[in-house]
Amino acid sequence: MSGTPKIRIRGLTKSFGEKKVLDGIDLDVEAGTSYVIIGGSGSGKSVLLRCILGLIVPDEGSIEIDGEDLLTTTSARRAALVARIGMLFQNGALFDSMSVADNIGFGLRAKLRDGAGHKLSRAEARERSGDILKQVGLDPSVGLLSPSELSGGMQKRVGLARAIAGTPEILFFDEPTTGLDPIMGAVIDGLIVDCVKRLGSTAIAITHDMASARRIGDQAAMLYHGKLVWKGLASNLMNSGDPMVDQFTHGRREGPIKMELRR
Amino acid sequence: MNFLLDPVAALGRATLALVRHAGALTLFALLGLSHLVRPPFYWRVFVASLIDIAYYSLPVVALTAVFSGGVIALQSYTGFAQYHVQSAIAGIVVLAVVRELGPVLAGLMVAGRVGAAMSAEIGTMRVTDQIDALYTLSTDPMKYLVAPRLLAGTMALPFLVAIADILGVLGGFAVSTTKLGFEPGAYIIATFNAVKPLDVTVGLVKAAVFGFLIALLGCYHGYTSRGGAEGVGAATTSAVVSASILLLAFDYLITDLFFAQ
Ligand SMILES: Nc1ncnc2c1ncn2[C@@H]1O[C@H](COP(=O)(O)OP(=O)(O)OP(=O)(O)O)[C@@H](O)[C@H]1O
Ligand SMILES: [Mg+2]
Chain A
31 MSGTPKIRIR GLTKSFGEKK VLDGIDLDVE AGTSYVIIGG SGSGKSVLLR
81 CILGLIVPDE GSIEIDGEDL LTTTSARRAA LVARIGMLFQ NGALFDSMSV
131 ADNIGFGLRA KLRDGAGHKL SRAEARERSG DILKQVGLDP SVGLLSPSEL
181 SGGMQKRVGL ARAIAGTPEI LFFDEPTTGL DPIMGAVIDG LIVDCVKRLG
231 STAIAITHDM ASARRIGDQA AMLYHGKLVW KGLASNLMNS GDPMVDQFTH
281 GRREGPIKME LRR
Chain B
11 MNFLLDPVAA LGRATLALVR HAGALTLFAL LGLSHLVRPP FYWRVFVASL
61 IDIAYYSLPV VALTAVFSGG VIALQSYTGF AQYHVQSAIA GIVVLAVVRE
111 LGPVLAGLMV AGRVGAAMSA EIGTMRVTDQ IDALYTLSTD PMKYLVAPRL
161 LAGTMALPFL VAIADILGVL GGFAVSTTKL GFEPGAYIIA TFNAVKPLDV
211 TVGLVKAAVF GFLIALLGCY HGYTSRGGAE GVGAATTSAV VSASILLLAF
261 DYLITDLFFA Q
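Sequence order for the protein chains is A and B. Its first residue numbered 31, the first sequence is counted upward by one per residue in our numbering. Its first residue numbered 11, the second sequence is counted upward by one per residue in our numbering.
Next up, chain B with everything else stripped away, as it sits in the complex (with noise of 0.2 Å):
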């Protein structure tokens, strides 16, 4: 029987930490963000955490962004076959891409990549004392280490998106006219007559949500961890699985401001 329950405790211990943790999160972005309007900004910092995020996550977000137009493409195609409407694969593809699979599934990719990596860098510092020692240099650990990768995730990942937007489209297109037997012509026609700026520019919002909710929780994990090793290694699990979660809660209400009328 405890086995069984197991799941449903460890579900509560999850939202009771989340719950804990909302407000030394909300007081944590609210400080890293106040350091970006306030001199100085360590640029290298950006631009290393740029680069890091927005080029080389690339990789894994372009082949993950491909895959996912291709595979809807035919599911739309062998779902849609009985109700003779395959003309709307396109618009399908378009819409789906651009509207969810582009931002939520480079989110989830950068969180486990990027997310990752930033909590085990900081945590690492903060449990072998080199936080401390910036701030004995006279540099302020939440402005050195957190504001400019609080912004470089914000900017990175509407990057990241548009990116993964065009191939995954792409994708689609590939499977539907090489395998599926559509014009490609009709093909484009139909996806951009059935995308709107709107689709797109929603995208891109939640992406640099995602973005900003990676580095955050990737900052905060990392920056709060105790305990030597095992600490860091928790915070990065912590990391990953908030920025997670998080990215698809934010994902719905995003959605719902902008689509549930």
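Looking at chain A on its own, in the form it has when it is part of the complex (with noise of 0.2 Å):
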């Protein structure tokens, strides 16, 4: 690989109070490539994600999307680059006020310009919603639905179809398969692998599934006690040699981590 990284962190810090959640993360994720990021709940994946997103600003450290601090550019410019990147949230986060068709236009108008600049029409947003629909697996006519009536598995799929609306080079996946059955997870994941090479994305996603791990990830890293204890290739999760990695991924009670009360 050459050149600068598409996402370079260095150094990231965060704690909220006294709970130290972040603790010097160092990351670099190339382009094109898929990152797994796993790590036991409450370890700080999402906090991670949100920092990179600007949604919780870092203690200290640096964050650089093509070379560019996110931390130290004005807020114009940090608004530009943040705007590269697509985002599902752990439990979608569609705009219930809307029907799906619009959620996933307020993905697209949000996003795409035409020539001139100008955002696309309602009409044409709402017409483009469909393809993108059937995109994840999805009949057009779920776009007349509002989100409440829609199952949490469809509910994934409506919000990965609104990250990836707007075509983003970057995109990030916040546990997009928990809470699946096995094979709506497969679909999921087999989705996302779609859509990175499609668009030709670099990714990073935040699982606890070891199968949905190896299938979406190039790259892997294991987030514990805010840092970065293990980076590797996501096919060596099962086999990585590292007790800690080891013990998580086999899901063994006995081993170097051991349950703790959370504070």
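What the hints contain is simulated information worked out from the structure, not anything from laboratory work. There may be inaccurate statements among the hints.
From chain B, some residues computed to sit far from chain A (all C-beta separations above 10 Å) [said to hold, decoys possible]: (1) F38; (2) T134; (3) M135; (4) L144; (5) Y145; (6) L147; (7) Y262.
Reference listing, derived: stretches of chain A covered by chain B, where coverage requires no fewer than 3 residues with Cβ under 8 Å from a Cβ of chain B [as the list claims (entries may be wrong)]: (8) 77 to 86; (9) 111 to 117; (10) 126 to 138.
Yeah, the Cβ is synthetic: ideal placement off N, Cα and C, and Gly gets one too.
Build the complex: two chains, separate frames, hints provided.
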């Protein structure tokens, strides 16, 4: 791999009160690759993505996208950089005041501009949302429903559709398969791999699901006690040789990671 | 003994919380207002909240106004009978309604209806990450959710209060002419003689301020809510209670400003 990584993080630190959630994270994500981050519940995986998105301001460190530091640049530049990222939230975060089609249309209109720099018209966005629904394996008629009428799996798919609608260069997935049945999980993973390939995007995915991690990821890292304690190929997750990763991926009770009372 | 002091302690806590919130609330208001003067402006959200506040609050505001105008006529008739000044009733009704009851009662009704709904909607969006999702979709949530609602609240309330004024006076008129034996023509003339343009204007200014406060507190408590459904419930209660209290405080301040010489 050559040149600057798409995303480059150095010394990222974030505490909430006394609790140090991120403690000096270094991470390079090369353009066009998928990075999987695993780690226990509450280890700060979502916080890491939120820092990159600018939803949480870190205490220290740098976050670069294409070599430009998000934290020191102007707010207009930061907005422009963050606009390149599409995010699938852990719970979908669909706008429940809008129909499914309008949710996806919102994603389209937020990011896409025609030749003259204008937003798509509402009608055109609605029209195109049908195609995007098909890409995530849903019938365009689903567009007429409201998010509350969908099952969890369908909500995930619509969330995915909204995230990819603007064909972002960078995609974040926060636990895309949690709470889904194994087949639906595999389907969503397939969709993610598909989208990343088709868009040529760079992706970071958070997951607890080892099967999913190996399907989605090229690279992988494990977050523990605020640090990335292991980095390697996603295909090596099950036989990493690292006792902590081994314990986690095989779900053993005994090992270097001790259950502790959460603060 | 404790149960006697509990309400006092609660009042103290509420006051402290209000002071603590005052700074954050002021910043929030300024930020929201600053988005009104910087494009883009989300017209659809604005029109939707304007319709929601102005149109859907009409029935409750109208009923409140009619009954309170009527009851003022009745109360002042019985109260003033001993002084033989029943002729002043038309003036009392119109001034009470236009200066105080119209804006305050409409404001309190809208605070209960709209302030609660706004904080519940925005609070739910907060705890389900929809506000964060807006941000990741290149849409400033303050600009998209808050600024249009502030403007809609400020514009809707004067409209509602103008209607409340008319209906309140009509309520007084109906009671006075059908039940208290007033002559309709004389009552109308007395009404117009008693009310000055300033009374109406100040009432509408109050309404605009109240509308802004209701929308502001609804948005603020929703936007800053934390901790799931319970947090949203608490935010809703805070929005209604704090809007009602602030509304009455500003009512006093504005009255003092215009009428206290
Ligand atoms: N806004 C916040 N304020 C205070 N603490 C926070 C905030 N956001 C996250 N935390 C804390 O940071 C820690 C990490 O949270 P995070 O959501 O990143 O966990 P996670 O690794 O995504 O877990 P899960 O796999 O369960 O989603 C938690 O202990 C949480 O309580
Ligand atoms: Mg998480």
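Checked hints:
1. Residue-level check passed: F38/B sits 18 Å from the nearest beta carbon of chain A, beyond 10 Å.
2. Residue placement check: T134/B does not keep its beta carbon more than 10 Å from all beta carbons of chain A (closest about 8 Å).
3. Not every Cβ of chain A is farther than 10 Å from the Cβ of M135/B; the closest lies at roughly 8 Å, contradicting the non-interface assignment.
4. L144/B, annotated as away from the interface, has a beta carbon of chain A within 10 Å; the closest lies near 8 Å.
5. Here Y145/B does not stay apart from chain A, with its beta-carbon only about 6 Å from theirs, under the 10 Å limit.
6. A cut-off of 10 Å between C-beta atoms contradicts the statement that L147/B is not in contact with chain A; the least separation is 4 Å.
7. At the 10 Å boundary, the C-beta of Y262/B stays outside the reach of chain A, the nearest C-beta of that chain being 37 Å off.
8. Closer than 8 Å: that is the beta-carbon criterion, and the region 77 to 86 of chain A has 4 residues meeting it against chain B, so the requirement of 3 holds.
9. Three residues within the 8 Å Cβ limit are the bar, and the region 111 to 117 of chain A against chain B gives 5, so the coverage statement holds.
10. With a cut-off of 8 Å between beta carbons, the region 126 to 138 of chain A has 4 residues touching chain B; three or more are needed, and the interface restraint holds.
Hints 2, 3, 4, 5 and 6, counting from the list given before, are not met by this structure.
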